[in-house]
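Residue numbers (my numbering), protein chains in the order written: chain A, 1 to 313; chain B, 314 to 694.
Please note: incorrect hints may appear among the correct ones.
Listed next, the stretches of chain B that the computed footprint assigns to chain A, with coverage defined by at least 3 CB atoms under 8 Å from CB atoms of chain A [said to hold, decoys possible]:
#1 321-333
#2 676-685
Just the calculated beta-carbon pair ranges, DEER-fashion [stated by the list, open to error]:
#3 132(A) to 680(B): 52 to 62 Å
#4 22(A) to 527(B): 58 to 68 Å
#5 117(A) to 683(B): 17 to 27 Å
#6 193(A) to 605(B): 25 to 35 Å
#7 527(B) to 226(A): 55 to 65 Å
#8 527(B) to 77(A): 51 to 61 Å
#9 132(A) to 605(B): 26 to 36 Å
#10 569(B) to 117(A): 21 to 31 Å
#11 605(B) to 268(A): 37 to 47 Å
To be clear, the hints were calculated from the coordinates, so they are not data collected in a lab.
All C-beta atoms in this analysis are idealised placements derived from N, C-alpha and C, irrespective of residue type, glycine included.
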Amino acid sequence: MSLAIETANLTRRFGTVTAVAGLNLSVRTGEIFGFLGPNGAGKTTTIRMLCGLLLPSEGTARVAGLDVRRDAEAIKRCVGYMPQRFSLYGDLTAEENLDFFAGVYRLSGQERRRRASETLARVGLADRRRELTEHLSGGLKQRLALACALVHSPSILFLDEPTAGADPPSRQRIWDLLYEAAAEGRTILVTTHYVEEAERCQTIGFMHRGRFIGLGSPEQCKAEMGEALLEVDALPVMQAAAVARRLDGVTGVSIYGHTLRVFAKTTTHLRHHLQEALVAQGVAVKSIRAVAPTLEDVFMSLTRGAQDDNGRG
Amino acid sequence: MLAVVGHVARKETRQILRDRRSLLLILVMPILLTFLFGKALETGELRQIPSVILNQDGSPESNVIVTAFSTYDEVQLQGEVATLQEAQDLLAQGKIKAAIVIPQGFMRQIETGEEAQLQLLLDGTDNNSAPIVEGVARRVIQRYNTERAIKGLWARGVRPDRGRRLIQPVFVHREIRYNPGLQYLSYVMPGVIGLTLQLLTVMLMAVTIPRERERGTLDQLMATPITRTELILGKLLPYFGISLLNVATILFVADRWFNVPVLERLPLLLALCALFVLSSLATGLLISTVSRSQFQAVQIAVFYILPVFMLSGAYAPIEAIPDYIRPISSLFPLMYFSRAVRAVTLRGAGLPLVWKDLVILGGFVLILLYWAVLSFRKRVA
């Protein structure tokens, strides 16, 4: 299958800070690729380089077969971009915004008007098209921004946190639109820090400090998590967590309501040791069982691993 | 390309029209400024300089001098004072600008053939008034001397008409071409028009790109295949339209209330204004492309406009500026505009006399626009 996006050693520095550190990325045509990672991981910087808004400091990147250094303007013609911050004209109506961007993308006359009204209808804004954009709610603004990124039928979509701050129904609405776009053969690169949104992607890249610390389909990521996981149901939960953290071989502990998720290099013997230690401290243990990791577990595990690496380095 | 320029222009126009408050300001300000600047400078000619007389002599001859002063419009005699101290106090308090002192013994000195003096006490802080009072005093004394000499000659048998020619064989005859009233206002109005247009256009244009940068909309725009030229021209057009509207109202005000003969050379004046406004908008765009924020844009605009005010010859003749500063003046389009409009409105000059300035202004437009396009970066390096 052909590659829509391909980077090699893509690097961007701002002064002494390295925002993106030698990223190697391959996105297949037609897939939904999710960038997952904490704030400041380099997701936005990567997208801005791929859209031709920012020059790489080092490395190469090809988008739709075009070089980001040489053919930035040609790339812009075939990609759509939705920035993290709402960036449409608040003092224009929804329709005027779409019409303007369609025009700037060089759609002419009838084609422009047809695409503008089609795209508006598609994101469900047809009946709000005469309203000033600044008066629309957050969710509607996001849909309008998506419409602007889609109006010229781009083959690749770059979406920087398209659902940030949206309520669940709005988020669902946007993801429906993304699936629809993907079904039309468009490649989608989307950043998020909602783990459950990452589950919706075909491929996930976990970014941390400018590089990938994990890459693959959600299933692969879970299967390949380098740590074992125990779910502990015990009372009092805070005390249980303190005990677990002190135990040899335990790399991390997360608390979820009444249960603990305990990460370890291996679970052989650990289950037994944990049980003993908890009981010795007077903690009432209801159950301890090995469980399959969720993406969130994978994310936590990978982030912790990367931080340890950095600590050692 | 033209289509995209049109889209940008239409978008800008919509935004301008929707911002009612700014629009009102844009349309009313130039009229107000022209009117205020013009009115403030209209009284540029000094009349009625407050002065007092200190007549220490109190003789018939000194009374002749006092009467002579009162016939001049330039000085306004506020009465007589009794002592020098009194005159000095009034001068110190700023209540008068000049004291005319006729010392004791004035008449006696004249009669005995000694040198008699008329003394002036002047306030040098007002360097406009002092020379005017001095000029009046010279004229008063010259006339007095002449009359006295004629009388003296007559006593020796020379008839007055012959005596006058003996004493004053040469006269100056003057004929003032162009601006016969020597009015400062007529001289300065072209500068006022230019300054108003400059101030408005540069300020308006300078903030447009930083405004988009601050609102984040530039980011979205930069992700599209729009070219720099399309963006620059698209932003320029609507503001050019507004500026032409301003040109019309300003010229109307100048014609109606400040006696600038606009209608006589309307096409030429419009051409000058249009080119000047374009050069000014291009300057604003250039500022716009290099500014990170609206605040910074306004800052740069002010730093540009202040030297323009002082150095472009809008208020005072460019020849009054030292040679080594004049090269800077020649960098400002306003200098050529003021010069050309002055030639047109004061001397009735036509195309043959001002085509050079038209060409220079046109050159400014092209260079500044090109520069603005080049200095605009679509991508952050």
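Here is what the structure says about each hint:
1. 321-333: With 7 residues close enough to chain A, the hint holds.
2. 676-685: violated (count 0)
3. 132(A) to 680(B): 52 to 62 Å: Cβ of residue 132(A) to Cβ of residue 680(B): about 39 Å, so the range 52 to 62 Å is violated.
4. 22(A) to 527(B): 58 to 68 Å: violated, 33 Å
5. 117(A) to 683(B): 17 to 27 Å: violated, 38 Å
6. 193(A) to 605(B): 25 to 35 Å: The hinted range 25 to 35 Å holds for residue 193(A) and residue 605(B), with Cβ atoms some 29 Å apart.
7. 527(B) to 226(A): 55 to 65 Å: violated, 45 Å
8. 527(B) to 77(A): 51 to 61 Å: violated, 27 Å
9. 132(A) to 605(B): 26 to 36 Å: holds, 27 Å
10. 569(B) to 117(A): 21 to 31 Å: Hint violated: Cβ distance 50 Å, outside 21 to 31 Å.
11. 605(B) to 268(A): 37 to 47 Å: Distance hint for residue 605(B), residue 268(A) is violated at roughly 59 Å.
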